[in-house]
Structures are given as C-alpha cells and as structure tokens.
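> Letter by letter, the chains look like this.
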Amino acid sequence: MTWTDGWWAYAFIAIAGWLATDLWRWLGVLAGKRLRDESEALNWVRAVATALVAAVIAKLILYPTGVLAQSPLWLRLGAVVVGAVAFFLARQRPAVGIAAAIFTLASGLWWLGF
Amino acid sequence: MDDLEDERSTLAWFLTGARGIFSLPAVILMLSFIGFCSLTAQAGIPPEQVVFMTGIVWALPAKVILVSSIMSGASLATAFLAVTLSSVRLMPMVAALVPELRGSRTPIWLLLFLSHFVAITAWVFAMERVPKVPREHRVAFFAGFGMTLVAANMVLVGVVYHLVAEFPPLVAGCLFFLTPVYFLASIWHSARHPVIYVALAVGLVAGPLFYWIAPEFDILLAGVGGGTLAWGAERLWRSRREARP
Chain A
48 MTWTDGWWAY
58 AFIAIAGWLA
68 TDLWRWLGVL
78 AGKRLRDESE
88 ALNWVRAVAT
98 ALVAAVIAKL
108 ILYPTGVLAQ
118 SPLWLRLGAV
128 VVGAVAFFLA
138 RQRPAVGIAA
148 AIFTLASGLW
158 WLGF
Chain B
43 MDDLEDERST
53 LAWFLTGARG
63 IFSLPAVILM
73 LSFIGFCSLT
83 AQAGIPPEQV
93 VFMTGIVWAL
103 PAKVILVSSI
113 MSGASLATAF
123 LAVTLSSVRL
133 MPMVAALVPE
143 LRGSRTPIWL
153 LLFLSHFVAI
163 TAWVFAMERV
173 PKVPREHRVA
183 FFAGFGMTLV
193 AANMVLVGVV
203 YHLVAEFPPL
213 VAGCLFFLTP
223 VYFLASIWHS
233 ARHPVIYVAL
243 AVGLVAGPLF
253 YWIAPEFDIL
263 LAGVGGGTLA
273 WGAERLWRSR
283 REARP
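Protein chains in written order, with our numbering: chain A, 48 to 161; chain B, 43 to 287.
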C-alpha cells in the first residue's frame with residue numbers, strides 16, 4: 048500500500064500532518080495561561096523550535112529539489128548573502144531582503160541560461 | 043439593541059481582519075504557497091491532497107517536512123515524529139498569542155478552534171496588530187484574518203497546481219527559493235528573544251552537518267542538539283553578563 052492510494056493518503060496526512068501540528072496548538076492554548084514567558088523551559092523550547100526550522104531552511108537552500116537542483120551552489124548561497132545584506136541595510140525589512148535574494152537568483156539563473 | 047450593535051461590530055471586526063489578506067505578509071505567504079505547489083507537483087502528490095493538506099495542516103514548514111517525508115518513503119511513525127518535532131514551536135507561539143487574544147468571555151473551545159489558524163505569518167500579523175484592536179473584538183479580528191488566509195490559500199493551491207508544471211524553469215526556481223528566504227527574513231524580523239538569533243545560526247549549520255552524519259534523523263538531531271547548544275550558549279553568555287558589575 049503506497050501513500051497515494053485513496054483514503055490511506057488522507058489518513059496519512061491527517062495523522063502525520065494535522066494531529067502532529069494541532070496537538071501543539073491545543074497544548075499552546077492550555078499552556079497560554081500557565082506558561083511563564085520568562086521561564087528557562089520556554090527559552091529552551093524556543094531554541095529547539097527555531098533550530099529545527101533553521102535546519103529545514105538550510106536543507107532547502109543546500110539540497111533543493113526540482114529546477115534548483117541543477118543550479119550551482121555558489122549562486123544559491125550568493126543570493127542568500129545579497130538578500131541578508133539588503134535586509135540589514137534596509138533596517139531589517141523582510142520584503143527588501145526577500146526581493147534582493149530573489150532578484151539575484153533570477154539574474155544568475157538567466158545568465159546561466161535557465 | 044445593545045446586542046444588535048455588538049453583533050454588527052463583531053462582523054465589522056471580522057471583515058477588518060479579513061482585509062489583512064491584502065497585507066505584505068499575506069502576499070508573500072501566497073507566493074510561498076505557489077512555490078509549495080511547485081514542490082508538491084514535482085513530488086507527484088495529487089492536487090486534491092495538496093488542498094486537503096493546506097487546510098488541515100496549515101503551517102508551511104510542517105507541510106514541507108511532511109512532503110519530504112512522503113518523498114523519502116518514510117513510515118507513518120517516522121513522518122509523524124518529524125512533523126511533531128518540527129511543530130513544537132507552535133506551542134509557545136500559541137501560548138504567547140492567547141493572552142493577547144482572549145477577552146473576558148472568550149470560551150476555551152473557541153480558542154482551541156482558532157489556534158488551528160496559527161502559523162508564522164498569522165502569528166506575526168496578529169502579534170503586531172491585535173494590540174490596536176479593542177479587546178472584546180480581538181477574537182473576531184483574528185478569526186477574520188486566519189480563516190480568510192487559509193481559505194484563500196486552499197483556493198490558490200487548487201487553481202495554481204495545474205499551472206505550476208508549465209512555469210518556465212526560471213520562475214519555478216525562484217518560487218521554490220521564496221520559502222527558505224521568506225522564513226529566514228521573517229524569523230529574524232519577528233524574533234523577540236536573543237536566543238532566537240543564536241538558535242537560527244546554529245540550526246543553519248547543524249542542519250547540513252547532521253544531514254552528512256545521520257541523514258535519516260538530521261532535522262530532529264539538528265533541532266534538539268543544535269537548539270540545546272544554542273540555549274546553553276545564550277544562557278552562559280547571559281549569566282556572565284549579569285555577573286559582571
């Protein structure tokens with residue numbers, strides 16, 4: 048049985064996707080009253096959560112799927128660096144950093160003949 | 043008469059929240075969803091399942107991990123574990139938002155229901171704008187924004203899925219790249235605690251490092267190991283700074 052087979056695919060998404068995320072949202076509601084914002088436990092949870100997302104980000108940049116898998120690594124890293132520089136120069140405005148990174152990537156891809 | 047007035051303004055605040063669909067964070071999120079569509083189309087996941095996933099999971103990083111697990115042929119238990127661990131951050135996010143949202147008469151079931159609409163974009167949007175909304179209308183405001191954003195992205199994903207395959211490679215590549223770049227910028231921008239910056243930096247290095255050492259559990263190890271390291275380092279730095287006169 049593979050994941051694309053009818054109800055199993057939906058059950059897979061519901062258990063591994065919906066239950067796995069809403070569980071934390073519900074616990075968040077219940078903890079909302081009790082969890083102290085300055086507690087060391089919450090600080091650790093924050094650090095682990097952020098590091099997890101950062102690891103996903105790094106993997107998407109270093110090991111992309113699809114079209115970008117054929118693009119050179121230096122171009123992807125270069126686009127992120129240009130985006131980061133623009134982001135900080137523009138007083139940390141996300142839109143500026145994102146636009147600069149995408150523009151750099153697009154120029155590079157075009158120059159390479161994509 | 044008072045009740046009628048009250049209801050009317052609740053609807054008005056719901057619609058005010060719904061108008062947030064035209065804000066910059068919402069537009070960036072929708073572009074990221076087009077990128078996500080491209081990822082799922084390349085992974086061969088049927089469009090009905092992508093729409094279902096968008097509505098029921100909602101958080102984009104969780105969905106990216108879910109799709110990666112599906113692509114690598116992971117078992118249900120492995121996929122559940124990877125998504126669960128990557129979604130821990132939803133708990134403190136919701137816990138921080140609830141005291142801001144809650145009015146004096148807000149029932150718990152409503153908060154449990156509305157918590158489903160919390161993900162990075164809705165959270166950043168709500169934490170920024172909710173303090174300017176009168177407390178008794180905050181729930182309506184957030185419900186308007188959250189539900190509109192989810193519904194719009196479900197429709198978007200259903201419509202765009204069939205177009206994504208025909209995108210020129212340059213456009214498909216840029217849309218894919220929007221997701222990591224958007225997450226980087228929005229996490230840095232919305233961080234309110236020093237430990238977030240340390241954890242972001244450590245995680246960026248730990249992710250590829252653990253992918254190289256133990257590719258099956260890389261995200262998990264990078265999160266727990268890298269996060270604990272970042273927490274310890276930031277704590278040490280904090281206590282040293284406090285100890286100094």
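Treat the hints as calculated values from the structure; they're not laboratory data. Cβ atoms here follow ideal geometry from the backbone N, Cα and C, with glycine treated the same way. Please note that the accuracy of each hint is not assured.
[As the list claims (entries may be wrong)] Computed spacing ranges between beta-carbons, pair by pair:
(1) A:Gly53 <-> B:Ser117: 10 to 20 Å
(2) B:Ala256 <-> A:Gly160: 43 to 53 Å
(3) B:Glu178 <-> A:Trp54: 35 to 45 Å
(4) B:Glu284 <-> A:Ala58: 20 to 30 Å
(5) B:Trp279 <-> A:Leu124: 40 to 50 Å
(6) A:Trp121 <-> B:Glu258: 44 to 54 Å
(7) A:Gly160 <-> B:Arg286: 33 to 43 Å
(8) A:Gly160 <-> B:Glu284: 52 to 62 Å
[Said to hold, decoys possible] Chain B residues, not near chain A, derived (Cβ > 10 Å throughout):
(9) Phe122
(10) Ile255
(11) Asp260
(12) Ile261
(13) Leu278
[Said to hold, decoys possible] Chain A regions said to be covered by chain B (calculated; three or more residues, Cβ under 8 Å):
(14) 65-71
(15) 124-133
> Where does the structure disagree with the numbered hints, that is, which hint numbers, in rising order?
Those not satisfied are hints 2, 4, 5, 6, 7, 9, 11 and 12.
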